[in-house]
Amino acid sequence: MIPEQYGRAGVLLLFAILFPALPLVASHLLYRLRIRPERPDPVKRSVYECGVEAEGSSWGRFNARYYLFALGFVIFDVEVIFLYPWAAAHADLALRSLAVLWKAALFIGVLAFGLAYAWRRRALEWR
1 MIPEQYGRAG
11 VLLLFAILFP
21 ALPLVASHLL
31 YRLRIRPERP
41 DPVKRSVYEC
51 GVEAEGSSWG
61 RFNARYYLFA
71 LGFVIFDVEV
81 IFLYPWAAAH
91 ADLALRSLAV
101 LWKAALFIGV
111 LAFGLAYAWR
121 RRALEWR
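Residue numbering for the sequence shown is 1 to 127, as defined by the numbering used here.
No lab work stands behind these hints, which were simulated from the structure alone. These numbers were taken from a predicted model, which means no experiment stands behind them. Virtual Cβ for every residue (Gly too), placed ideally from N, Cα, C. A portion of the hints provided could be inaccurate.
[Said to hold, decoys possible] Restraint ranges, calculated between C-beta atoms of paired labels, are given here:
no. : residue 1 : residue 2 : range
1   : Val80     : Ala9      : 23 to 33 angstroms
2   : Leu83     : Ala116    : 13 to 23 angstroms
3   : Pro37     : Ala112    : 51 to 61 angstroms
4   : Arg121    : Leu83     : 17 to 27 angstroms
5   : Pro37     : Gln5      : 40 to 50 angstroms
6   : Arg122    : Glu38     : 43 to 53 angstroms
7   : Gly60     : Ser27     : 24 to 34 angstroms
8   : Glu38     : Ala91     : 48 to 58 angstroms
9   : Arg65     : Phe15     : 32 to 42 angstroms
10  : Ala26     : Ala87     : 33 to 43 angstroms
11  : Ala87     : Ala9      : 20 to 30 angstroms
Modelling step: build the complete structure from the supplied sequences, incorporating the hints.
Next up, the structure:
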């Protein structure tokens, strides 16, 4: 029974490793066999982002606040990822059972408490 339970996870793990590894290995093999061309060019080696020529070095410093906002965005995306399966599984029960709604309200309340705490501590302001 145990191999059956972990067999599917093993297949998925194998796929997760091989899916990105095969193109990289194939590209490296084609490079070693001199099939894949390599023609360095200043235009190819230049930094390009959003259609605008880069100014300065690519090792420039970024304000840490950008990372805080990105982290907040990821947190709320994860919230939606957790709420969507819950809503799909309990779609028929949501109108009939208060326990189901209470669980979702508790989950959202904990997240709202964290947001209110960060807001009160002025962690979301640009200083």
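Taking the hints in turn, this is what the structure says about them:
Checked against the given bound of 23 to 33 angstroms, the beta carbons of Val80 and Ala9, roughly 25 angstroms apart, stay inside it. Remark: the range hint 13 to 23 angstroms for Leu83 to Ala116 is upheld by a beta-carbon distance near 19 angstroms. Against the hinted window of 51 to 61 angstroms, the Cβ-Cβ separation of Pro37 and Ala112 comes to about 55 angstroms, which satisfies the hint. For Arg121 and Leu83, the Cβ-Cβ distance of about 25 angstroms falls inside the hinted range of 17 to 27 angstroms, so the restraint holds.
For the hinted restraint 40 to 50 angstroms between Pro37 and Gln5, the CB-CB distance of approximately 48 angstroms keeps it satisfied. For the pair Arg122 and Glu38, the beta carbons lie near 52 angstroms from each other, so the given range of 43 to 53 angstroms is met. With their beta carbons about 29 angstroms apart, Gly60 and Ser27 fall inside the hinted range of 24 to 34 angstroms. For the pair Glu38 and Ala91, the beta carbons lie near 55 angstroms from each other, so the given range of 48 to 58 angstroms is met.
Between Arg65 and Phe15 the C-beta distance comes to about 38 angstroms, which sits within the given range of 32 to 42 angstroms. Roughly 42 angstroms separates the CB atoms of Ala26 and Ala87, a value that falls within the hinted 33 to 43 angstroms. Ala87 and Ala9 have their C-beta atoms about 26 angstroms apart, which keeps the hinted 20 to 30 angstroms range intact.
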